[in-house]
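Peer 1: With the hints as extra help, turn the sequences into a complete structure.
Quick mapping for you: the protein sequence lines, in order, are chains V and L.
Per the numbering used here: the first sequence = residues 14 to 246.
Per the numbering used here: the second sequence = residues 918 to 1191.
These aren't lab readings, by the way, just hints derived from the structure by calculation.
Predicted, not measured: the structure shown is a model, and the values here were computed from it.
All C-beta atoms, glycine included, are put in the ideal place defined by N, C-alpha and C.
Each hint should be verified, as a subset may be incorrect.
As the list claims (entries may be wrong) - Partial pick of chain L residues on the chain V-facing surface, computed with a CB cut under 8 Å:
| hint | residue |
| --- | --- |
| 1 | Ser974 |
| 2 | Gly976 |
| 3 | Thr977 |
| 4 | Ala980 |
| 5 | Asn1044 |
| 6 | His1045 |
| 7 | Asn1050 |
| 8 | Asn1052 |
| 9 | Thr1053 |
| 10 | Val1091 |
| 11 | Gln1092 |
| 12 | Glu1094 |
| 13 | Phe1102 |
| 14 | Ser1105 |
| 15 | Gly1106 |
| 16 | Asn1107 |
Claimed, not checked - Each pair of labels, with its calculated beta carbon distance range:
| hint | chain 1 | residue 1 | chain 2 | residue 2 | range |
| --- | --- | --- | --- | --- | --- |
| 17 | V | Leu26 | L | Asp1068 | 31 to 39 Å |
| 18 | L | Gln955 | V | Arg49 | 54 to 62 Å |
| 19 | L | Lys954 | V | Tyr76 | 22 to 30 Å |
| 20 | V | Gly124 | L | Ala986 | 37 to 45 Å |
| 21 | L | Ser1135 | V | Val58 | 56 to 64 Å |
| 22 | L | Ala986 | V | Tyr76 | 27 to 35 Å |
| 23 | V | Gly97 | L | Glu1028 | 47 to 55 Å |
| 24 | V | Gln84 | L | Asp1068 | 31 to 39 Å |
| 25 | V | Leu64 | L | Asn1044 | 27 to 35 Å |
| 26 | V | Leu64 | L | Thr1152 | 49 to 57 Å |
To be verified - Which stretches of chain V does chain L cover? Using the computed rule of at least three CB atoms under 8 Å from a CB of chain L, they are:
| hint | segment |
| --- | --- |
| 27 | 27-39 |
| 28 | 97-106 |
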Amino acid sequence: MTPENYSTALLTLQLAAATSVILLLLGTPLAWWLARTHSVWRRPVAALIALPLVLPPTVLGFYLLIALGPQGWVGQLTQFLGIGTLTFSFTGLVIASVIYSLPFTVQPLHGAFSQVGRRPLDVAATLGASPLQQFLWVVVPLSRSGFITAGLLTFAHTVGEFGVVLMIGGNITGETRVLSIAIYDHVEAMQYSDAHWLSASLLLFSFAILLLVNSTGRRNKQPHEINLVTANE
Amino acid sequence: MISLRTIGILLAILPAQIALAETLNVAVAANFTQTLKQLQPLFEQQSGHQLQISSASTGTLYAQIVHGAPFDIFLAADTQRPQALIDDDRADAKSALIYARGVLVLWSPDENIITNDSSVLTRANFNHIAIANPNTAPYGIAAQQVIAHLDNLPPQYGVEKRASLRQKLSGKIVQGENIAQTWQFVVSGNAELGFIAKSQLIFSGRDNSGSHWEIPNSLYQPIEQMAVVVKSPDTSKLKAANNFMQFLRSNEAREVIRRYGYNVGDYSAKASTE
Chain V
14 MTPENYSTAL
24 LTLQLAAATS
34 VILLLLGTPL
44 AWWLARTHSV
54 WRRPVAALIA
64 LPLVLPPTVL
74 GFYLLIALGP
84 QGWVGQLTQF
94 LGIGTLTFSF
104 TGLVIASVIY
114 SLPFTVQPLH
124 GAFSQVGRRP
134 LDVAATLGAS
144 PLQQFLWVVV
154 PLSRSGFITA
164 GLLTFAHTVG
174 EFGVVLMIGG
184 NITGETRVLS
194 IAIYDHVEAM
204 QYSDAHWLSA
214 SLLLFSFAIL
224 LLVNSTGRRN
234 KQPHEINLVT
244 ANE
Chain L
918 MISLRTIGIL
928 LAILPAQIAL
938 AETLNVAVAA
948 NFTQTLKQLQ
958 PLFEQQSGHQ
968 LQISSASTGT
978 LYAQIVHGAP
988 FDIFLAADTQ
998 RPQALIDDDR
1008 ADAKSALIYA
1018 RGVLVLWSPD
1028 ENIITNDSSV
1038 LTRANFNHIA
1048 IANPNTAPYG
1058 IAAQQVIAHL
1068 DNLPPQYGVE
1078 KRASLRQKLS
1088 GKIVQGENIA
1098 QTWQFVVSGN
1108 AELGFIAKSQ
1118 LIFSGRDNSG
1128 SHWEIPNSLY
1138 QPIEQMAVVV
1148 KSPDTSKLKA
1158 ANNFMQFLRS
1168 NEAREVIRRY
1178 GYNVGDYSAK
1188 ASTE
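Peer 2: Written as structure tokens, this is what we have:
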């Protein structure tokens, strides 16, 4: 491993960490709304959130390149605010990753929130808990495995991001050059041993994350049910 | 009875027809794809063979051929990858041909940025300049050579201005994975200017819009694009593939290649001396 590969790995982890934190903050209210609402907008919003699952990343990257660019509406706005354009920057990659990994945060949380059901909330309400207290004291502890799964999947998915970064990153070392791009470059440049190193590391990393996701899911099922029972009584 | 006889006749004729008209799988470097599509009908009409075109970066195509992709002809964007195939006994050394030489252009969609010389680089009053990745793309290597070359020019414009060109640009350079993506960065306005291929300007119909500087040949090593026939046990395919290589040498094909922004003249001599 060269020092450049290390700095690339570090940048990738920073991108994934920033994306995960932002997405957990944004995704939690969104998933809660989806789990509770009877609005007619529920299905369209859910479909919109799921789009990055089926869209080729190049489609997302292409539209982001145009939207964030100097003629795009986001680009016009950021220029007006004096930030300049966000393509070819770490901030731009974070924004792109937030969109790209959105379903990986919202869907596990949505599932967890739905499983909590109405009754624990009703019980908490009769005990005088406000809606915010109900959420923080009842829903969050009951959905713990959902949060862990959402966080892990979002982190791992962002680490594995390629197409979007390729389209708007510009391959700047220490700013936008992430692992998947570095692997692609090593293969293109016939540096197969570097490519092998990085690829194998990513493979092991992804496997470990998925193993972790699976084991948190199983370990938390039983306390989950016990909690529900005690809450119901 | 008649229909049976017809079928019999058809069966007798068909294999002969198929043997005559081969379908050649051509792996072509992204920058030459459009030009190849212009050449395709000419060749197909002349020879009766069909071309099946697959376009990707030279590095990707090379890796695919090494791992057994069924390509008959490889039109690369460099000489290194075809040469590696020859050294590896996967391609026919006798077939090797420099079919085009790429022309590097510094271009901006803004007509006020470039004044048909290098001064825009020394002024450096832009946020981003796009080049193709020099580790993987021949046009990127050429762009890097141009910048290095300008740095080493005699100090007739003032030493400090020249000597720091690379440093001045280092924070502003963004890399496309290939020349097509580099073009995308510039044409979308995300980078104000970039080193692109002349053929891209011609195919996009933008050769008369914006501003550009066609880089003098002396500032970069020629971007030689080499074609080779990939070895195959199928002799009739090999024959058809060699027909295509012959076609690339023809005046007609060379005229088309030149029209779409490549140099070819210098290499006809080299090709015929083989």
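Peer 1: For every hint, state whether the structure bears it out.
Peer 2: Hint-by-hint comparison with the structure:
Of the supplied interface hints, the one on L/Ser974 holds, with its beta-carbon coming within about 6 Å of a beta-carbon of chain V, less than 8 Å. For L/Gly976, the shortest C-beta to C-beta distance to chain V is roughly 4 Å, which falls under 8 Å, so the interface hint holds. With a cut of 8 Å, the hint placing L/Thr977 at the interface with chain V holds, because the nearest CB-to-CB distance is about 7 Å. Taking 8 Å as the C-beta cut-off, the interface hint given for L/Ala980 holds, the closest approach to chain V being about 6 Å.
Below 8 Å, beta-carbon pairs count as interface contacts, and L/Asn1044 has one with chain V at about 7 Å; its hint therefore holds. Because the closest C-beta pair between L/His1045 and chain V is about 6 Å apart, less than 8 Å, the hint holds. Interface restraint check for L/Asn1050: the shortest CB-CB distance to chain V comes to about 6 Å, inside 8 Å, so the restraint holds. A distance limit of 8 Å between C-beta atoms decides the matter here; for L/Asn1052 the minimum to chain V is near 5 Å, and the interface restraint holds.
Contact between L/Thr1053 and chain V, as hinted, is supported at the beta carbon level, the nearest pair being about 4 Å apart and thus within 8 Å. A distance limit of 8 Å between C-beta atoms decides the matter here; for L/Val1091 the minimum to chain V is near 3 Å, and the interface restraint holds. For L/Gln1092, the suggested interface contact is upheld, since its CB lies about 4 Å from the closest CB of chain V, less than 8 Å. Annotation: L/Glu1094 was flagged as interfacial toward chain V, and the flag holds, the nearest CB pair being 6 Å apart, inside 8 Å.
Taking 8 Å as the C-beta contact cut-off toward chain V, the hint placing L/Phe1102 at the interface holds, the least distance being around 7 Å. At a threshold of 8 Å, the smallest CB-CB gap from L/Ser1105 to chain V is about 5 Å, leaving the interface hint in force. A cut of 8 Å between beta carbons decides the hint on L/Gly1106: the least distance to chain V is about 4 Å, and the hint holds. With its C-beta approaching chain V no nearer than about 4 Å, L/Asn1107 sits inside the 8 Å limit, and its interface hint holds.
Taking 31 to 39 Å as the suggested C-beta distance range, the pair V/Leu26 and L/Asp1068 conforms, at roughly 36 Å. In this structure the supplied range 54 to 62 Å holds for L/Gln955 paired with V/Arg49, their Cβ-Cβ distance being about 59 Å. Checked against the hint of 22 to 30 Å, the C-beta distance between L/Lys954 and V/Tyr76 comes to roughly 27 Å, which is consistent with it. The hinted window of 37 to 45 Å between V/Gly124 and L/Ala986 holds, with their beta carbons roughly 42 Å apart.
The hinted window of 56 to 64 Å between L/Ser1135 and V/Val58 holds, with their beta carbons roughly 60 Å apart. A hinted range of 27 to 35 Å holds for the C-beta pair L/Ala986 and V/Tyr76, which are about 31 Å apart. Separated by about 22 Å at the C-beta atoms, V/Gly97 and L/Glu1028 break the suggested range of 47 to 55 Å. Separated by about 33 Å at the C-beta atoms, V/Gln84 and L/Asp1068 satisfy the suggested range of 31 to 39 Å.
A beta carbon spacing of about 31 Å between V/Leu64 and L/Asn1044 agrees with the range 27 to 35 Å that was offered as a hint. Separated by about 51 Å at the C-beta atoms, V/Leu64 and L/Thr1152 satisfy the suggested range of 49 to 57 Å. Coverage of a stretch by a chain is defined here by at least three residues with a beta carbon nearer than 8 Å to that chain's beta carbons; for the segment 27-39 of chain V and chain L the count is 0, and the condition is violated. Counting residues of the segment 97-106 of chain V whose C-beta lies closer than 8 Å to any C-beta of chain L gives 4; at least three are required, and the coverage claim holds.
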